[in-house]
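Make the full structure from the sequences, and use the hints.
There are 2 protein chains.
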Amino acid sequence: MRHAEFDRERVLRAAMCTFMVNGYTKTSMQDLTKATGLHPGSIYCAFDNKKGLFIAAIEQYQQDRTDQFKQLFANDHSTVDNLSDYLAQILQECLSGDATKACLLTKSLSEMGEQDEQIKQITCQFLQSWHQSIAQVFDTAKAQQLIPQKSDSQFLAQYLVMGIYGLRTVANTQPDVEVLQPLADKLLADLIRQ
Amino acid sequence: MRHAEFDRERVLRAAMCTFMVNGYTKTSMQDLTKATGLHPGSIYCAFDNKKGLFIAAIEQYQQDRTDQFKQLFANDHSTVDNLSDYLAQILQECLSGDATKACLLTKSLSEMGEQDEQIKQITCQFLQSWHQSIAQVFDTAKAQQLIPQKSDSQFLAQYLVMGIYGLRTVANTQPDVEVLQPLADKLLADLIRQ
DNA sequence: TCCTTAATTGAATACACATTCAAGAATAAT
DNA sequence: ATTATTCTTGAATGTGTATTCAATTAAGGA
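Protein chains in written order, with full-length UniProt numbering: chain A, 1 to 194; chain B, 1 to 194.
Source of the hints: derived by calculation from the structure; they are not laboratory data.
Any copy, or any two copies together, can satisfy a pair, since identical chains are not distinguished.
Calculated pairs, SDA-like style, for lysine to any residue (alpha carbon to alpha carbon, straight line, at most 20 Å):
id: 1; residue 1: 120; residue 2: 97
id: 2; residue 1: 101; residue 2: 59
id: 3; residue 1: 120; residue 2: 176
id: 4; residue 1: 120; residue 2: 175
id: 5; residue 1: 120; residue 2: 106
Given below as structure tokens:
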């Protein structure tokens, strides 16, 4: 017996970044061997093929984002403050200039959703689960009486998701905090308004 | 002398649709010859290369959208009603299932903005000009006293643009009028609120 | 220590792709 | 009709691609 020599998470994060910057189609196996340090054969041995590595990278991305999200809301602050911090963090990503400024899930869905049913299902499922996590946050806000009891958490979560998608897209053309911050502020205000 | 035999607009719209469905990278010259009915040599004669055809298609897209926009607002209805109709039209596109459900500009910017400076500039410029057209609509709404005089048209336009980006992205995962209509309604309500 | 099993290596393979080009066809001016 | 000009045709070209595979290397059990 012999174990794999590489660190799976490190390899997946390297692949993840490459896919986020170039997109799936424009990322060549050569790009991936350079980014991961693995030889073609090793990639095919561990992940079957380019698409297998892509899916594994997407799953790692989802895992990382879920952990990050949970950590941000794992405190006893006001839920509204946490939401504000969450938006601030997203804005920072949009403005950072590095790979995280794009969301791998929406980018992949936009690129491949039309042609690849499997990618479409995986990304949609992960985006739905993100939506549900946000809905839970609004449920908490209701329990804290920060928003009206008659509020529809599912709807508010959907609206926030829409706003975040929009913010990220605006950031593509206007990566400017002076533009994005007021948008984020109004978005949050419109969400918690009576 | 001899004139080109093909109808330029028809060719550009065919190419446009192909690019919208597949994206630039995944559209092969073979796809384009099939969609346009032109042979490779004719395409290279008329548009230099694949990217030249792509840029021409983007320009045609922008022209078509601008015409459509102007037509929708060229009446003496309440500006708010026109905005409502505009959002309804966008929703219809999102739900139509055909190529128009994606915006060629944002899709291209997301796919190629990172690698191709020229595409980035063209798409950004066209998206900015769209933003300005919407800002003019809010100026009209101010003149009609439908929104407060102190409103910032630029900001409201940016917020609507953000919302439309978001709506289109939500439609990728939830192409459902029951989901999208309430989002569009709240978006409009939040825009014209005192 | 030897042997089985599995991972690693990187050159070789087969294929798809954008692009070219020389020959042919159509047009308009002379 | 002739000629010059330009467009059209589609097979050929060369490059970049994902993938394979036989040889090699390492690890753990007997």
